[in-house]
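Residue numbers (the numbering used here), protein chains in the order written: chain D, 9 to 353; chain U, 9 to 353; chain G, 9 to 353; chain W, 9 to 353.
No lab work stands behind these hints: they were computed from the structure.
Where is the CB? At the ideal position from N, CA and C, for every residue including glycine.
Treat the hints with care, as some may be off.
[Claimed, not checked] Covered by chain W, per the in silico footprint, the following chain U stretches (three or more residues, Cβ under 8 angstroms):
#: 1; segment: 127-135
#: 2; segment: 175-185
[Claimed, not checked] Calculated lysine to aspartate or glutamate pairs in the DMTMM-like style (CA-CA distance at most 25 angstroms, straight line):
#: 3; chain 1: W; residue 1: K170; chain 2: D; residue 2: E68
#: 4; chain 1: U; residue 1: K118; chain 2: W; residue 2: D162
#: 5; chain 1: D; residue 1: K170; chain 2: W; residue 2: E248
#: 6; chain 1: W; residue 1: K118; chain 2: U; residue 2: D255
#: 7; chain 1: W; residue 1: K92; chain 2: G; residue 2: E62
4 protein chains.
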Amino acid sequence: MSTVTRRDIVSFAGVLAAGLSRTAAAQQSEPAPGADRARAPRTTSRAADLTDAELQAMFERCSNWGRWGADDELGTMNYVTAAKRLAAAQLVTTGEVVSIGRDISKTQSKVDARPVQHMVMYNANGPAIGDYVSIAPHGMTITHLDALCHFSVDDTLYNGRKRAGTVTADGAQWGSIYALRAGIFTRGVLLDVAAARGVSWYESNEYVTVADFEAAEKRQNVRVESGDVILVRTGMESMEQARGLQDTYPRAGLHAECAEWMHQREVAVYGGDCIEKLPYPSERFTSAIHMIVLVAMGLPILDWPALTTLAATCARLDRYSFLLTAAPMRLPGGTSSPVNPLCVF
Amino acid sequence: MSTVTRRDIVSFAGVLAAGLSRTAAAQQSEPAPGADRARAPRTTSRAADLTDAELQAMFERCSNWGRWGADDELGTMNYVTAAKRLAAAQLVTTGEVVSIGRDISKTQSKVDARPVQHMVMYNANGPAIGDYVSIAPHGMTITHLDALCHFSVDDTLYNGRKRAGTVTADGAQWGSIYALRAGIFTRGVLLDVAAARGVSWYESNEYVTVADFEAAEKRQNVRVESGDVILVRTGMESMEQARGLQDTYPRAGLHAECAEWMHQREVAVYGGDCIEKLPYPSERFTSAIHMIVLVAMGLPILDWPALTTLAATCARLDRYSFLLTAAPMRLPGGTSSPVNPLCVF
Amino acid sequence: MSTVTRRDIVSFAGVLAAGLSRTAAAQQSEPAPGADRARAPRTTSRAADLTDAELQAMFERCSNWGRWGADDELGTMNYVTAAKRLAAAQLVTTGEVVSIGRDISKTQSKVDARPVQHMVMYNANGPAIGDYVSIAPHGMTITHLDALCHFSVDDTLYNGRKRAGTVTADGAQWGSIYALRAGIFTRGVLLDVAAARGVSWYESNEYVTVADFEAAEKRQNVRVESGDVILVRTGMESMEQARGLQDTYPRAGLHAECAEWMHQREVAVYGGDCIEKLPYPSERFTSAIHMIVLVAMGLPILDWPALTTLAATCARLDRYSFLLTAAPMRLPGGTSSPVNPLCVF
Amino acid sequence: MSTVTRRDIVSFAGVLAAGLSRTAAAQQSEPAPGADRARAPRTTSRAADLTDAELQAMFERCSNWGRWGADDELGTMNYVTAAKRLAAAQLVTTGEVVSIGRDISKTQSKVDARPVQHMVMYNANGPAIGDYVSIAPHGMTITHLDALCHFSVDDTLYNGRKRAGTVTADGAQWGSIYALRAGIFTRGVLLDVAAARGVSWYESNEYVTVADFEAAEKRQNVRVESGDVILVRTGMESMEQARGLQDTYPRAGLHAECAEWMHQREVAVYGGDCIEKLPYPSERFTSAIHMIVLVAMGLPILDWPALTTLAATCARLDRYSFLLTAAPMRLPGGTSSPVNPLCVF
């Protein structure tokens, strides 16, 4: 695996954006990709990991390029129709609300080299105080929404737009978070794959597979449908509570096959306490989920929701679907936005 | 009017936080307060402007200190019960959604001396791009939610908490935006006072009064109730479209009597394309609305929603109430958060 | 000692600006001031610590208000005449240069809650890269120059200027770092008080006194003169190398009597690996050195130069005076600027 | 000329870093390169503009790769020996000092899309105030020093180091501004080419040539020598005073032949109120000066010194050489640093 490829793996999770400390990266021993594939637990529903050629074929099968027009920037958010929103609102039966944003940390850590900076401004003892915040939403600590432009494959963004000429240091002129300015208001479904597997958490070398998704559906008596936001819980927060902050990789995460399942089910947004398996055993699709989901499908990712309270609420109420709403900042050119999604029961 | 008082007036709208250029401030001719009172159109429901003593009495009448316990940080958000949220969800009948966040500008202007800075980070041509945003939400351009700690009276915050010892350069340890982390999910009511008055916009020296509120209610056949978010439209956006950016003051805005009306109606959140009348003719309550609403009542303010599309939608559907939802960043210590509220019909 | 006073002590060193973590502050046991005075090593040349009244009298004796005109913003930099600069240049005999700036850290620590943030910007693989830096120079990690406006006494700045009305959230309109835009180019003198005392470092509860200054002068065969920059070395870097980062206080530092000595010797700038003794045993002059030096005398402080290599160079060459040059950013309104001073032999 | 090439031209001056507004870029009519070459005033000492092949040959002739060792990061700063510094100090004869830093602007403009942000932090009315500055030094407004890593050719930096693997979003691990931490202390020479040509300023379509350099030397009776900093004055500040801010390009600037002259004369640092001619008529060396000077020669560039006062001082004293000193922030990984150079006579 070349240096470039290794760096790409790190960057896939936006760790590049967060400026992960070199120390953390250096702590990793660098297994040969083959060795890694061999060692990884075989819990996928496939006989073996996908080859680059198979992933390329999946990329093409999952492609929504042109599906909603050549200028479409909404991608799978097109599945969220007015009727879908109406139905989602009707899921509210008690008015109980659970915020699934994580508390914003201002502390540098091994998963957050460039933490939020926050300061209150001088007011000469006047009656008002104001503040200033700087924030790099990508990375592994802030609950945020990935814009479709966050990833490219062969320097090409969702819907076939070339990244060069579209993105500058000032922002993305297409496929930015601004495209999602009307927000998300749809049905959310929690897939508690940790509970379905009967574990407190997925270990960092384990995959989440389609079989896990479907086991959770079955256990929870729910079926993911067109326009849903799915929230996948592997128990990462529990693991961190027990063991402290974990390294950025290896990390438990989705097997690439989950992308195709989301495509088939017409999922609108993916969120989870994991993203894809890290490192992902592919030379070309080093960030298989991000690359297929964001670039081929045009499916925004909701990174790092807090799912512990939500899972407890779902278990208590024995219902795993609810209204989910979130809206990014209307930031032209943004590759992301912090969000604080609300789940309403 | 002393220099300090004049500065306080400027600061009341968070303009201090936004770092309003001195030039803009200097452009103002400085009328004596008496002259200003005389000149201001007399459209309030009161015979005359309120004296400082009357405002102090109103402050005390409107006080919710202790009402929900000595440690309460939610203030009027306590009016938003689960039942209220359920009822709000049931207002959704078509699934049409209107985002009322304003587009975030990165351009310095006379109303925004410290604009958002945004940059995409270097990635050595890797597949991912990430970004960084710095933002000072207060001021007159960004749609944001004011935390209760944003204002003080006699260095005292809502519920009687002393500001000294509570607020540092790092943030507020009490009454911060973090207290509102569960978000807003309730009924929203547009009060289109410009339409009710039959004007395109309020001129910058005009007050919005209780009579205007009630005229809008009557015209729109709606009544503001406990737990509602009210959104007051004076037509500011129309004026700016016609005339360009306006000075930060004088500005049309609420007469202080509106605060007491909100108290009586048990409004949860106030939002508008104006805030209070600027400058406000009081030596002590230079920011009468902010001071009474945030400090006495504990009522969060939703500054600078975009109301043009919302008003058109309400007019088209002939309904002025809807589900409104918004959630601030979970930023410990924040005095504010940018938000992008959704109105769902 | 009241809470406010305690906070002021913390803030005196610009720790407020650096956003010292509450944890670090909380680790301090809070001795009664009397107890503290009793416990502090008695190594000053005075029989006892100075009372507030004595410090007030010293403040007045050291005052340069009006000395160089009512509008003077240069303070003791007035001692650096063209003749002084010429003489300083003539000190260069070998051309050996020692940079005494500290490396800028991007790592959060107990002495730096708000570290420098640095990022390279996206360039779409173009030939150029550019970067962005955010920096809060005050605190205990960055080598920086304090502007005269950094401190006030009774809300009054150097030369009697009122702080209210002069300073806003946007900067100081008077006494800012911009006043020092012509830079520093004068004789520097190292006072290696650790060497003079025969210790590797001053312990954190020890004072640097006038006797120490004069012992260093005698040992080094040098005499501090009008217009000099003095650099005082207590061995703080050696202590940190041996023991790791130290708490922000208690810290070894100057006894207030050193301020008066600097006044008598007409020192232009004070720099050191310490500043004043922390905490300083005074209710009123909780930051005695900053308050007397910046406010009364108008003497800029060069915080946190790196002195280990300089001391070794001076020892090797057996000369303790040299040309010192540094120039702050020409930042209108700044309370500080990072600098990288050069000492040329 | 391809889109990429056009963008590169813009970026060459660090305009990418400064985030030049698209509007400004769009205002440019886009002449074919050939047309541009034909139109440009023929004042170079060459018969015609250099072809890409000639520039490539010049790049190779000017290369210092390996000259000072494979790990050298100092480049032409190696010319500044201790003897050179001593001689520079001896140039000081009167002690008169001229700061050639430009005042830092906080105002967005057509040459500065991402201006410095500066704010004073809250202190609850304590005696100290501190501040925070964010700064993107590249671009056309801030006096700054370019690190050698600022430019690459074929993704290769000075001394043959590959950029990929060396530079991340967090900074450059080699060839950064940190390599220049010992600062600049050497002879400075002003080349007032505007005066030598007898014009108030160079028009924006004019080149500065070797003939101009040598005419200035002759007129000023000075000869540029090994280890000098040269400061080239085209009168840009005079033009801006007369006409207001100019577009970022076209701009007067150095013909590429000047790079080779600097190589022959062993110039240590180039500074000027211009950099290279913009746009530069080359497909490959779109930023010929930056590419040859930074990458081939390893010669740091001092961008945007203020030269009006310096030129007046030189004229008054009839001497064009002086001690020049400047020191960048010791920022590991930085591609630049703001500096405030001092010229001492």
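Status of each hint after checking the structure:
1. Three residues within the 8 angstroms Cβ limit are the bar, and the segment 127-135 of chain U against chain W gives 6, so the coverage statement holds.
2. Three residues within the 8 angstroms Cβ limit are the bar, and the segment 175-185 of chain U against chain W gives 3, so the coverage statement holds.
3. A threshold of 25 angstroms between alpha carbons decides the hint, and for K170(W) with E68(D) the separation of about 34 angstroms lies outside it, so the pair is violated.
4. Restraint check for K118(U) and D162(W): not satisfied, since their Cα atoms lie roughly 44 angstroms apart, outside the 25 angstroms limit.
5. This hinted pair does not check out: K170(D) and E248(W) have alpha carbons roughly 38 angstroms apart, beyond 25 angstroms.
6. At most 25 angstroms may separate the alpha-carbon atoms for a hinted pair to count; K118(W) and D255(U) meet this at roughly 23 angstroms.
7. Simply put, K92(W) and E62(G) have alpha-carbon atoms about 51 angstroms apart, too far for the 25 angstroms limit, and the pair is violated.
Consistency note: the structure conflicts with the earlier hints numbered 3, 4, 5, 7.
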